[in-house]
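Asker: Its first residue numbered 1, the sequence shown is counted upward by one per residue in the UniProt record's numbering.
Among the clues, some could well be false.
To be verified - Here are the simulated DSSO-like cross-link-like pairs (lysine-lysine), alpha carbons at most 30 angstroms apart as the crow flies:
#	residue 1	residue 2
1	K77	K112
2	K40	K77
3	K112	K40
4	K77	K259
5	K40	K186
6	K259	K40
7	K112	K186
None of these hints come from the bench; they were simulated from the model.
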Amino acid sequence: MRFLIVGAGALGGYFGARLLDAGRDVTFLLRERRAAQIAKTGLQVRSPCGDLSLTDPPVVLSADIASHYDVIVVGCKAYDLEATMTSFAPAVGPDTVILPLLNGMRHIDALKARFGDTRVLGGLCLISATLDDAGTVLHLSDFHQIVYGELDGSHSDRIAAIEAAFADTNFTSRASTHVLHEMWEKWGFIASLAGITSLMRGTVGDYVAAGAADLAVRLFDECAAISAHNGFAPRDAARERGLSILTAAGSPMSASMAKDIERGARIEGAHLIDDLLARAPASGTSLTMLRVVAAHLTSYEARRAREAASN
Numbered sequence: 001m002r003f004l005i006v007g008a009g010a011l012g013g014y015f016g017a018r019l020l021d022a023g024r025d026v027t028f029l030l031r032e033r034r035a036a037q038i039a040k041t042g043l044q045v046r047s048p049c050g051d052l053s054l055t056d057p058p059v060v061l062s063a064d065i066a067s068h069y070d071v072i073v074v075g076c077k078a079y080d081l082e083a084t085m086t087s088f089a090p091a092v093g094p095d096t097v098i099l100p101l102l103n104g105m106r107h108i109d110a111l112k113a114r115f116g117d118t119r120v121l122g123g124l125c126l127i128s129a130t131l132d133d134a135g136t137v138l139h140l141s142d143f144h145q146i147v148y149g150e151l152d153g154s155h156s157d158r159i160a161a162i163e164a165a166f167a168d169t170n171f172t173s174r175a176s177t178h179v180l181h182e183m184w185e186k187w188g189f190i191a192s193l194a195g196i197t198s199l200m201r202g203t204v205g206d207y208v209a210a211g212a213a214d215l216a217v218r219l220f221d222e223c224a225a226i227s228a229h230n231g232f233a234p235r236d237a238a239r240e241r242g243l244s245i246l247t248a249a250g251s252p253m254s255a256s257m258a259k260d261i262e263r264g265a266r267i268e269g270a271h272l273i274d275d276l277l278a279r280a281p282a283s284g285t286s287l288t289m290l291r292v293v294a295a296h297l298t299s300y301e302a303r304r305a306r307e308a309a310s311n
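When you get a sec, could you build the whole thing from the sequences and use the hints?
Answerer: Spelled out as structure tokens, the structure:
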């Protein structure tokens, strides 16, 4: 089974490196700058689960793709999805499947529209990782899981093939017959965490100490109400896990979106928050916290664009 890993950032770099280290047929689709960096330094991973130093990983530029791949793993930022789809389009053949690991749901619609319903799987990952200034992948916890499955809930031959390829690798993975439900559960949690830590400009522990844990609960409940309206109410275990994280005293956790705002970077507000609001019931549900979060993020993006234009 031939894997094309789109990008070698924190997510693609980590899981692609683990697959390559396990002897799988892996190629990284890179932009010129990242390809040049890896040619010089190799692909480096620092992790509590074991470091990796891959001196010459297989890489390809979009213009040089000359064959089709069995599985294309996509973990780009949502705002880069259109360009990313164009970059890997030459690698999509009649039997190719696309495994996206983005948060939210809008990317599923975009991938289906571009490549057809049957080529797109559902997927999500649980990992905390980043790139340092030297391009090294820094894995920040012992969580490193991919969950994947057919969107219709079947356990197909191609899911079985991916299951076999992911076996005996140094990350955890699980084929799910309820992957859409799990994606919605993660979306509601990530929207809550990103929304509240961005709004509060601090960690979970910071806003809990400030007496705002109840606001995080309200935001989570609003996200859960939208999920329920769409047929995917969070199950008890997901709700308990999410609320325990969002109300944990002293927790250093914050969302990557909050970190992006702190450094003045582009954010995924439209994909994570605006699209969730667009799927809300027309009436009968209070969405005050979510609307405040959406306005806050839209205001940030407007200010960022204005300041960039003036420089």
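Asker: Hint by hint, note whether the structure agrees.
Answerer: Cross-check of the supplied hints:
1. K77 - K112: 17 angstroms, holds
2. K40 - K77: 25 angstroms, holds
3. K112 - K40: 37 angstroms, violated
4. K77 - K259: With Cα atoms ~14 angstroms apart, K77 and K259 stay inside 30 angstroms; holds.
5. K40 - K186: 37 angstroms, violated
6. K259 - K40: At roughly 28 angstroms apart (the allowed maximum being 30 angstroms), K40 and K259 satisfy the hint.
7. K112 - K186: 21 angstroms, holds
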